[in-house]
Each structure stands twice: as structure tokens, then as C-alpha cells.
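Protein chains in written order, with numbering that gives the first Met the number 0: chain Z, 0 to 274; chain R, 0 to 418; chain A, 0 to 394.
These are calculated hints, taken from the structure and not from any lab test. Glycine residues also receive a C-beta, built at the ideal position from the N, C-alpha and C atoms. Hints are not guaranteed to be accurate.
[Said to hold, decoys possible] Stretches of chain A that chain Z covers, calculated by requiring three or more beta carbons in the stretch to come under 8 Å of a beta carbon on chain Z:
1) 204–215
2) 291–301
3) 311–320
[Stated by the list, open to error] If you only want the chain R side, here are some residues facing chain A, beta carbon under 7 Å, derived:
4) ASN35
5) ILE258
6) ALA267
7) PHE270
8) MET271
9) PRO385
10) GLY392
11) VAL394
12) TRP396
13) PHE400
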Amino acid sequence: MTDETSNPTPSTASTPTSSGAVMSDATVAGGTGEPMITLTDVDKLFGDFQALKGINLVVGKQEVVVVIGPSGSGKSTLIRCVNHLEKHTSGTIIVDGTELTADIRNIQECRRECGMVFQSFNLFPHMTVLDNITLGPRRVRKKPKAQAEAEAMELLEMVKIPEQARKLPGALSGGQQQRVAIARALAMQPKVMLFDEPTSALDPEMVKEVLDAMQSLAESGMTMIVVTHEMGFARAVADRVAFMADGEIVEVGTPEHFFTNPQEERTKLFLSQIL
Amino acid sequence: MSDDFGAVSAQEEPLYGAPRLPEGGTGGVRAILRDNLFKDLKNSILTLLFGAVLAFIALRTLRYLFVTARWEIIYDGPLSFYMVGKDFGRTGISYEMLWAGIYVAMFTGGIAAGLGNRSAGPAMSLSARAAMIGGPLFGVVFILSMTRTITPTILTVGAVGFLLLGSQAARRVRGALKRRLGLIMLALVGLSFGFITGFDPSNIDLFGGLLLTLVVAFAGIGLSFPIGVVMALARRSSFPLIRPIAVGYIELIRGVPLISLLFMGQFAIGFMFPPGASIPGPIPRAIIMITLFSGAYVAEVVRGGLQSVPSGQIEAGKALGLSPLTITREIVLPQALRNSIPALIGQFISLLKDVSLLVIIGLQEMLGIIDVVLARREFTNQGYTPEAYAFVGAVYWTLCFSMSRAAQRLETRLGVGTR
Amino acid sequence: MAVARTDLARSARPPWYRDVRVMRWVFQLVVVAVVVTVLWRLYSNATSNLRASGLPTGFDFLDRKSRFAIPGLQDSASFTVRQAFIAGYLNTLRVIVVGIPLCTVLGILIGIMRLSDNLLVRAAGTIYVELFRNVPALLWIFITYLVIILQNLPPLSDEVTPFGAFVISNRGVGIPWLNPDASVLTFIGFVGVAMVAVVGVSLWRRSVTDATGRPSRSGLYGIAAFVVVLAIGNFVAGNSLALDPAKVNGRQVGGGLNIFPPYLGLTIALVLYTASHVAEIVRGAIQAIERGQTEACQAIALTTFQRYRYVILPQAFRIMIPPLASQFLNLTKNSSLGVAISYVEIASIFQRVSNNATPALQALVVLMFFYLTLSLGISLIANLINRRLSLETRA
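So that you can see chain Z by itself, here it is in the shape it has in the complex (with noise of 0.2 Å):
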């Protein structure tokens, strides 16, 4: 048991954890230590399968939680639970303040505050870059069309691919196209940025452009959910990693703990498998 200090980023490094310990406690809130997502308690059944048994996590304002685990374990699930892509069965998700509920106006507003950004891009086929980023601004956030145009730019620009405006996303490349997924879910403003493993239909010389694009946002504040098989970028910028399994969370812990002294079997057998 070490002090926060061997936690690897300046924003968690700052924060005293619960536990003080790099093993740390899944409800307690990393980053600011104010909660942004909580979940508690949540299980999702898909007809007698259970996907979630009794999920506890917290994640607190402008940390970084990655989320690993072997296919099939829930990792997806867990987060396209908190945008309510998928309805929990049982439990709570309280996201900024606000519970999701079956209320369609809390949902509303819990998607406004969530970013998601998919595996498959899901980009609209049929609009320019720009407009696929400018949908949600304009028809959600009711914003005049220069203004969510100049802002889409400067997303654009942060992303490195302004040159792309115009373009449908058929002429884009898969990097290039999942980068405008990251504008795309950055235009809305949101407070939380969930990532549904976005590499992984990406050619491996795509892979470094998106990881690196997440890293900057990362490194801009903002608070991020992110399932993923890139340990490197786990190591890199996380402040925690959970490791699912069975629809579980098996273990919580900083980057450092999690790679060089995990705790618990599953995890061994499991980054022993992949490292």
C-alpha cells in the first residue's frame, strides 16, 4: 500500500482517495472527488442472461476511468447503460445530478450531458462532416447555424482534420471518420465523454491518431468512461481502471497497481492472457 502520489496523473495525484491506497474503492469518486456518475447497485438482465450483477461505481468530475475485461463480460453494457442505450433492470444511475429514470425528460437530459462515441462510428452517411456535427447543436441545443459551425470547426481543428468539412464520411478513412464521432459527441458540450471501444474496427495504423486525440481531451479535464483493449493507453492516461468480468467489476485500481500488482485471480489469468 503506497501513497496517492504514485498516482500517475497531476489530477488524481491531487485528490486524496478513500482508501489512500492505489487499490482503491470503486464508490469513491477519483478526479475533483465530486461524484459525476454514480451508479449503484445496477443489474441489467437481457431476458435470463445477466449481463450487470450489482454494479458500484463512481466516477468523480475530470477523472478518467478504463474499463477492461474479457468480450462478453458487460463492459458495453455498463456504459451504454448510463446514456440509457440499454434500460438497467434494477439499481441507480445518477449522472451530474440527475437519476435516469423512465421519465423521458431525464433521459433527455442525461444524454445531453453524455458524449458517446461507438465502436462503428455511426457516423449519419448521408451528411457532410459538418453536418453531422452541427445536427445536434442546431436541433438540440438550438444554436444559430454560424455559430454551431464555427464551433464545429474549431472541433475540427482540435481533431486535426478541418480539411474534411465538406466531405461525406464515406470518403473519410475509418481514423478519420471516428475522429468526427469525437467532434461529433464534443459538440453537444458534454460533461462526460463515454467511449465504446473506439479502436477496435480501426486499422492498428489508425489506432495511434484517435488514441491520441483521446488523450488530449483527457488532458483538457474532461471526465471520460472508456472500454478498451489499448492497455497502452490505459497505462498512460487513466486514473483508474476497472477490470469486469461475468458482469462484475473485479478490481479498481490506479494504472501502476492494476499492471504490476493486481490483487485478485481473474485479473492475473486475464492480463496474463493479453500482455
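Chains R and A: place on chain Z using the hints.
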């Protein structure tokens, strides 16, 4: 330890204030009703509105079927007119022979169904199963309720028995017999056709009603199949002189209505026979035109099937050193035809509906028989028209609906479009 | 080197009967020869048979008198066959022009109903589709015309006249229509001005939306602009734009526009029948849009309406065009079934012409020619739209 946190707190303090949704399997009928009918205000209004409209229509329909409709136009029509036409007696074909033909046909159909069913598809939901069986069953019961004796009902049940027998036979058959199943089925079809026509094809000229509809539709799809395959291959071929012929035929036929082709059969085709040649009767002429018509549509269906075969298959064939003919016959066509079976059934359903156009050229298929029956002294000018059309509509609906459902089922089984 | 290569080519050259290039052409020429021979035989048989029966072999019959009347057309009895064919062609067009938009609207409505999350709405859509598409179009035409229209419309003596401007009777349904005294040019002019106003208003609304983000509601504003402009126009033109009400005029419906029962029966039946097919196309196209598109919309918090308006329908529309065009073609071809209920469209004209000792063969060629123009026209428009809407993708 963080990982047993969830389990412990869930037992200590069950926080079930959050939405509990019926996906979990709890809730039962009430939850299903709420989610499907009364989810919110808009949904509830729609439920009440559509509930009222549907209830009104259902009541009116039931009242018509069981109270107001005068079905004597059907069972005193007599029913045999609708089924086999008014001149069937003059063919000298006994009903035993006709039923034997139907049984052989059902048996053959059963074999085909059994072959298609071999690959187990995804399980059907209960409601889908009910719709698939319930609708046609209701139709058949309605049609059989028009018969005066129990014999046709028993014979119909027997026909279904032969269908099941055929599908069982297809599953059991092994070895040499199985390899020649295609030939056997072809022979059975010929035998069935022989029984139904009393081994004299010229009897077809005296057919009418449903029998005429079915004979023309089956002859049309059967005869047009080879035309369609050849035309589809020609259209997809790399022969610059042959492609335009296929394209011209297909697009010309698909660009004009069937009725113009049937007019051609009745008024013009006689002129194209060599002088002095004997010209076939109106029904064979209609079959010729329907075959030409259907050929173009079958060609497009088969072309779709050909396009569904990945180009890698052809490349693999070439890599093995097979000749283009062998590649087409042994690799491309079997896959293409298998993939086009559902669409072919769809084409057959269209054809069955299109055969109703024969009434316009004065042939007595089911719609034509209505005029014959309504002209009889005991029915004329007494407002029997709705019942007659309702009955014929029910026959068509039962046939087309059950076949389209079978085609849909086959489509999911074969996985067409999913790969 | 050059010499060596030529030698190689010459030695590698197979005998002609094994040469792929030669045999390909031999095969094609044989096929073409067979096809041409068969067609030539049919043609020469036809001409000699026609001559033997004393029938003309040319198309001169088009200029003969048709000797039958077309309902709704004065002095049609003195038409030539050519004029009769054109009149029939126009009647066919009347069915298509009204039928295609109506069946599209109804089909889209029912297709969306089949995707509703309300069980009863879904059931109503399913019942409609399964009922209409599993019974022949011709039977629906007979049912709407013989059973519903003829048996329920009152005779002219007991006509129903809603609002004093419509006439409902078994000799026709009269609806208010363009005043015959008004100049058509004035009318078209004012409608044109109104259209310009609608375009202007929607452009203005769009700029307001772009500038402020407020919803545009251009449909509402557009309709208002249209009505206002036409009302002003009517006032300026001295009330001559007002529609002429239908009324009973002796033994027929006069004034307004008289819709004959066969037209009504044919169009209604074809719209109902074709809509069931259109509904399936719409449903299939919407379902073909990947689930990810819906999820992406939800993730940026679009409402259900916005999702359909901006993302799902624009994409579904692209998928729908080719099958929709084929359904429009079917409606066009099925309009020939009007012949069964004596609606005088082009196939009926053929039937009447061929009953009058004209050579059926040539009359058929004319009939098919007219249908081919319609089919090609519809295919051409569909192809143009399809090409404009197709999306570029990286190969």
C-alpha cells in the same frame, strides 16, 4: 474488497426505486399491456382510437360472415363451379382421379418443404406461429363450411396428411434414392399432371374455377423457369451480342401489362403460326403468353440470386481449373437458385394473382365463374355479388397468405440477405 | 527478341476450334442467327396470314373512324382511331397521376404504423397489408366498383349534395373544379405567384432558423402564404378563381368536375392495393437502417421526430427508390385492368378497336408502345433520382 460490494449492499438495502422494466421477465401480462398499449398519454389515445376502429371492423365482418351474408350463392352455386368450373363433367375425369392427382402433388410439395426445412432456423415466436397457422386455417374452415357433405373435408385433411408424409419421406430418404430425388420429384409432378388432366392435356380447355387458376399458374411458373434461368445467365454473361437479346426480352415484357400479352394470345398469336397449322385453344394460348410473361420476371429473380453469389466462388472455381460451364453449373447456379427460392415463391404468388386476368379474355377462372353463377336464373339480380366476390377473395387470400408466410419462413431459414 | 516473341505467339496459337476468342464469336453468332430466324419466321407468317385474311398489314387503320364514343368526351364518336388511342392514353395518365401520390402517402403511413410501438396500431397496419396484398388487384377493382361504389352510390334522382358543392350519385361524383369561365392562364399565373411566395417564405424561415436556432415551421408558414396569395388573387381577378360547384344538370352531373364511377373504382382499388406493397417497402427500408444510426441519434439527444426527420427517413428514402419505382410501374400496368370495368383507358380502347375488324396485331403494337413510353419514363425518372442521391464511399 470492491468486487463483493455490490452483492452485499444489494442484500442489505435493495434500491429498487429505479425503473424496473419488463425485460427482466417480471411483470407479466400487466407490464406487457402497459408497455405496448398505455405507455404514455399519446400511446393510450392511439390505443383507444385504433381499438374502437378495429373492434368496429371486426364486429361488422363477423356479423356479415355469420348473419347477413347469404352463402347459398356459393354452396348452391354450386361450389363445384368455383372449384373446377362448369364444364369439368364433360372431361370425363372422375373426382377420384382428380384427388389422386392432388394427393401426388401434395406429396411432392411435402418433399420439397421437407428438403427446405432441413436446416433448423431461428425459433418462431408464439404469436408468429399463431398468425402463420391461424389465418390459413380459418380460411380453409370457411371454404370447407360451404361444402354439403363431409367427404371434401375428409379429403382435404387427407391432402394435408400427404403433405406431412412427403416432408417426412424427404427427411428419411437416403443413398441412391436421395441423389435422384430431383428426378423423382419431376416424375411425380408429371404423374400428378397426368391424373389431373385424365392423361389427356386437351381436357384443360374444359377446366375452370380454382382448378384452371392453379393449372395455369403452375404451368406458367414451371415452363418459365428454364426461360428465366437462361435469360438471367445471358444477361449476366460477357457476350456482347447475346446480352442485348436478353435485356430486350426482359425489359420489353416487364414494360407492358400482362393484359396486353393476353390480348396478344387471344387476338394475334394465331396469325404467327404457319398457314394451315392447327392453332391451340384459348387456354393453352393463355399459358403460352403467361409463360413468356413470367419468364422475364423469373429471369430477374434468378439474376438477383446470381448476384448474391460472391465473386470469390467463381475465382475459387477458376483456381481449381474448372471450365466456365462447369463453374456455372456446379458452383454458381446451385447457390444462386437456392438463394432465389423465396423470391421464386413470391413470383409464383404474383402469378397466381395475375391469373385472375384471364376473366378479361373471357376464360372462366374463379372470377369468370362468378359471372356464370350470377347469370343463373335463381341468383340473377338479387344482389348476390358481394358474397360471390368475398368467397373468391377468401380462397385467394388463404392460398397467397399461407404461401407468402412459408416463403418468409424459408427466407429466414436459408439466411438469405443475412450473409 | 522481337522475332522470338512472334514465334512464341505463333506456336502458342491453338487451332481455331480451340481458340476461346474465335469460339466465343461463333457461339454468339449462332445464337443471334437462331433468334433472328425465329423472329423473321413469326413476322413473315403474320404478314402472309394477314394478307390471306384480307386484313391490312400497315398502320393505316389509325386514321379510320373509331365509331365508338368515349364517356366524358364530346364528339368522341367522330374520333379517328389515333385520336381515340390518345384519349385513352390520357385517361390512363389520369389514373397514374392521381394514384401514384395517393398510394405513396397511404403506403408510408401504413409502413410507419407497422413499426409503431403501440400493439393495436401495429396490428391495424399488419391486417391492412396482409389483407390487400394477398388478394388480386383485379378482385379489389371488382369489389370497389361493383360492390362498394355501384351498390352504395344513390341514383341521380336521390343524389347527395354535401355543402351544395359536391354531387354524389351513381352517374358520377361531382367535385368543385376550375370555373370554366375563368381564364386558365390567369389561374395558372396566380398559382405560380403563390408557389413563388411559398418558396420565398420557406427560404425566409430557414434563414431565421439558421440565425436564431428557433424551429422553422416552414410547412405551416408555407400553407398560410399559399392561401393568402390565392385569396388576394381571387379578389383581384374579380372572384373568377373561385371554384365552380358541381350540380345536377338534367340526366348528368354538370358544373365542377364529374368523376365517373369506373374511374373512382379503378383508382381507389389500385391505390389501396399498391399502398400495401409500398407499406412493406417503407417498413423494410426503415428497418434496413443500422441500429447504430438510432443509437447515435439518441446519444446526441435528438427527439424521435428529429431522428426520423433528419437521419432515418433521408437514408430510408434512398433505399426505397428502386422498389418504389417498380411499384409505380405496377400501378401503371395495373391501370390496364380498367378494361374489366369499362373504364375507357388505353387497353379498353384497344379492345373496342379490335372488335371493329381492325388488325389486332398492329393495334397491339400501338398499345404496347404506349405502355413502354410510360414504363421507360418512370424508370428514367427513378434512375435520375437514384443517381443524384447515391452516396459516395471509399472503395
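Hints versus structure:
no.: 1; hint: 204–215; result: holds (count 6)
no.: 2; hint: 291–301; result: holds (count 9)
no.: 3; hint: 311–320; result: holds (count 3)
no.: 4; hint: ASN35; result: 4 Å, holds
no.: 5; hint: ILE258; result: 5 Å, holds
no.: 6; hint: ALA267; result: 4 Å, holds
no.: 7; hint: PHE270; result: 4 Å, holds
no.: 8; hint: MET271; result: 4 Å, holds
no.: 9; hint: PRO385; result: 5 Å, holds
no.: 10; hint: GLY392; result: 5 Å, holds
no.: 11; hint: VAL394; result: 9 Å, violated
no.: 12; hint: TRP396; result: 5 Å, holds
no.: 13; hint: PHE400; result: 5 Å, holds
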